[in-house]
Amino acid sequence: MTGTTFGAVPWGPPLGEPVPRLDGRAKVTGSARYAADHTPAGCAHAWPVPAPVAKGTVTAVHRAAAMAEPGALSVLAHDDAPRLGDADDRTLAVLQSPRIAHRGQVVALAVAETLPAARAMAAAVRIECAPVPPDLELTPEHPRLVTPEGAESAQGDFPAAFHGAQVRIDAVYSIPPLHNHPMEPHAATAQWLGGRLVVFDSSQGSNAVRDALAALFELEPDQVSVVSEHVGGGFGAKGTPRPHVVLAAMAAMAVNRPVKLALPRGLLPALTGYRASTLQRVRLGADTEGRVRAIAHEVDTYTSPLSPDWRERATQPTRSLYAAPHRLTRERVAPLDVPSPSWMRAPGECSGMFAVESAMDELAVACAMDPIELRARNEPDVDPHTGRPFSSRHLVECLRAGADRFGWADRDPAPAMRRQGRLLIGSGVAASTYPAEVIPSSARAHANPGGGFLVEINATDIGTGARTVLAQIAASTLGIGVDELEIDIGRTDLPRAPLAGGSCGTASWGWAVHKACGELSRRIDEHQGAVPAGGLTVTVDTTEDLATDDQYTRRSFGAQFAEVAVDVDTGEARVRRLLGVFAAGRILNPRTARSQLLGGMIMGLSMALTETSTLDLAFGDHPERDLASYHVASCADVREIDVHWLAEEDSRLNPMGSKGIGELGIVGTAAAVTNAIHHATGVRVRDLPAQPDALLEAMIAQGRI
Amino acid sequence: MRVSFTVNGRRHEADDVWEGESLLFVLRERLGLPGSKNACEQGECGSCTVRLDGEVVCACLVAAGQAQGREVRTVEGLADGAGPPGGLAPIQQAFVDAGAVQCGFCTPGLLVTADALLERQPSPSDADIREALSGNLCRCTGYEKILDAVRLAAARSAAGAAPTAPGPEAPPAPRSEPEPGE
Chain A
1 MTGTTFGAVP WGPPLGEPVP RLDGRAKVTG SARYAADHTP AGCAHAWPVP
51 APVAKGTVTA VHRAAAMAEP GALSVLAHDD APRLGDADDR TLAVLQSPRI
101 AHRGQVVALA VAETLPAARA MAAAVRIECA PVPPDLELTP EHPRLVTPEG
151 AESAQGDFPA AFHGAQVRID AVYSIPPLHN HPMEPHAATA QWLGGRLVVF
201 DSSQGSNAVR DALAALFELE PDQVSVVSEH VGGGFGAKGT PRPHVVLAAM
251 AAMAVNRPVK LALPRGLLPA LTGYRASTLQ RVRLGADTEG RVRAIAHEVD
301 TYTSPLSPDW RERATQPTRS LYAAPHRLTR ERVAPLDVPS PSWMRAPGEC
351 SGMFAVESAM DELAVACAMD PIELRARNEP DVDPHTGRPF SSRHLVECLR
401 AGADRFGWAD RDPAPAMRRQ GRLLIGSGVA ASTYPAEVIP SSARAHANPG
451 GGFLVEINAT DIGTGARTVL AQIAASTLGI GVDELEIDIG RTDLPRAPLA
501 GGSCGTASWG WAVHKACGEL SRRIDEHQGA VPAGGLTVTV DTTEDLATDD
551 QYTRRSFGAQ FAEVAVDVDT GEARVRRLLG VFAAGRILNP RTARSQLLGG
601 MIMGLSMALT ETSTLDLAFG DHPERDLASY HVASCADVRE IDVHWLAEED
651 SRLNPMGSKG IGELGIVGTA AAVTNAIHHA TGVRVRDLPA QPDALLEAMI
701 AQGRI
Chain B
1001 MRVSFTVNGR RHEADDVWEG ESLLFVLRER LGLPGSKNAC EQGECGSCTV
1051 RLDGEVVCAC LVAAGQAQGR EVRTVEGLAD GAGPPGGLAP IQQAFVDAGA
1101 VQCGFCTPGL LVTADALLER QPSPSDADIR EALSGNLCRC TGYEKILDAV
1151 RLAAARSAAG AAPTAPGPEA PPAPRSEPEP GE
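Protein chains in written order, with my numbering: chain A, 1 to 705; chain B, 1001 to 1182.
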């Protein structure tokens, strides 16, 4: 990608306008259909039976009691389930082997006439197994911790530079397992029609689901249709095909009728991925003026035997963040007998930035410097990891603009000085960053002879507003209003497109939509503006547009500011104010963009204060599997919150000049909040979340109260 | 057992209902009303919120039998009586206008909860709104825009504007909230 191979979308309405969501009406009337809302005639229901141990072998599946339930149709297990092909993802090889890789893995599937009957059946299935002791605990000394290829980087002589530094920070930070918990639990409704498989799935990318189902059931891809028209959030948990869709298709084959499977909430952590816990050591060596000379970020994490190549790449943002001649990053990963971790909003980046941005705050305190000035002083000219220029950066501008809006200039840096009644008040800042990438996509644009246009692309709108923004891109390219075209997304029958993930959906899909609509305009011009009978259709693919060598580091940046109040009697920290200022290229729809960024920030607030889970060493899964024990922020946890963005012009991105914004908002929020807690109380929170018991204990131990 | 009840003004009968079946299951799978969403099945998230004789309830926690002879209102019936057929209830219009919809999965429950709040309390304070909506989780998480939507609906109602007539476009400024401990 050279940044010069594309024409730009004409900038102006409707692009850049706060166009209301095209699917708003369907969603407020309850008529938008999600995967589990489809009930084909004769639809049966399935309910999974999870593995009762963390590791071992299923020795017997006792079905009699389950099959005696009224409405029972079938109990599928490894001993009778259809054999599957290879989809290159071991989490999808469901019911193929008696081996139990982790607690919660599906070992049987009950299928019945009704949902209550399937559930009763699942409870009545008795699984006999031969357990073996699982390996569940990650420690820095774990013998199976390895550094995969590409998981470390070194420049200069870090040990010597750190040893010789005037000011040194050496701290370990930890993040517990975190769960995506989209509001819509993963669900699929599957149906075999002749030799074709038709599936309604809650997925962030139905092309990948189609490819996986085709491989598993040994079909041609065009024998499989996957529909993900409306998806109730995903945050990465629906980014790859998940076991539920395979189970639904398998059950539909076995009972020869449509089958609906909606995973119960409590099985999401075991079956749909989560943010694995990380132990992160950050070392910063600086001079007394705050110039960082040496930076090291080392992360230990784990994966499962079913996902051997996975790791939470938490050092990735550190490589490109601040200038320092001596650098070291390393990620180690141990395969444990745990449920498979996977993508959760800003995987790697969100985890790593908590540690690095906390350490930078510690360095600011140690150097008696303002944390914004410290970051400005360490701003790199080029990407310190690759030596490439940034296509655009503007981190310092975000910090300064945020400081003005937040009222940072009046801040007294001394910790634990501001008391209002029972409350200690403090403020903190942290940086945000996320890669701005693009993936090849195809799209089709059609002009009707009687006027009007149809734009088709298998993009997925998981709540981002993709449907609306793509219509804006198409309309701006065609020089028409949004209401003069139809946009069709969310089905594999449409031109192939990548997933809604990695914050690259809009860039990838938008590029293809722009290209299709641009070529369609030229075709119409060739016909002197008159669309012939039968219309005109253009289908494009952007693979070649993206094929050239990269010359730039492309990232979005931002600065987040938090004001907290910590109750000295209870240790409860609450965020009073949260402000984000971002540089994310052109903002294509301020209305949907604002919601994306605010949503990320609130999820970050939730990560800082309330979300926590445990990999239980006796149980082998997470006890906090429901929304009663896993606390996501509610409306009452949020008070004053605001988001702004810089008018960033970057011609080296894509035809829209946009960077992805789905993940940027959650990166750095937790550090801004815990840095504010330090300013309020003098207590440094290195282990998330900052819950009342630990905070109160630390305040007492440090004699702060 | 047979359960007879009214949903959105229409009489319904469901046969062979198992005693343990939830109202949510009956609405979604037997009556073809999937607007109410199943997201936690234990009353934590509010995605299945409906009115039962006017009372705000989680349909996943109500046994279908408890609805016998009673009146249920779901998101599908929210606009009933609010204007011409096909129109939106004021709270629905406010959610669209304020950009309070993202993935949309929590939306039906939030609309029912917010509608009940405004019926009970036409000009709620921000603290009232946050408290009333805190049983409805939104993971996207669109609480700010949802708050804006409720403020907007309340302001339009106070101005006597019809939902589709020009009303206040921007939600009124937030009002200060007392903070525990302050």
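These are calculated hints, taken from the structure and not from any lab test. One should not assume that every hint holds.
Derived Cβ-Cβ restraints for the label pairs, each shown as a range [stated by the list, open to error]: (1) ASP1080(B) / GLU484(A): 28 to 36 Å; (2) GLY1086(B) / PRO449(A): 28 to 36 Å; (3) GLU373(A) / LEU1061(B): 51 to 59 Å.
Virtual Cβ for every residue (Gly too), placed ideally from N, Cα, C.
Hint check:
1. ASP1080(B) / GLU484(A): 28 to 36 Å: Holds: the Cβ-Cβ distance is about 33 Å, inside 28 to 36 Å.
2. GLY1086(B) / PRO449(A): 28 to 36 Å: 30 Å, holds
3. GLU373(A) / LEU1061(B): 51 to 59 Å: Distance hint for GLU373(A), LEU1061(B) holds at roughly 54 Å.
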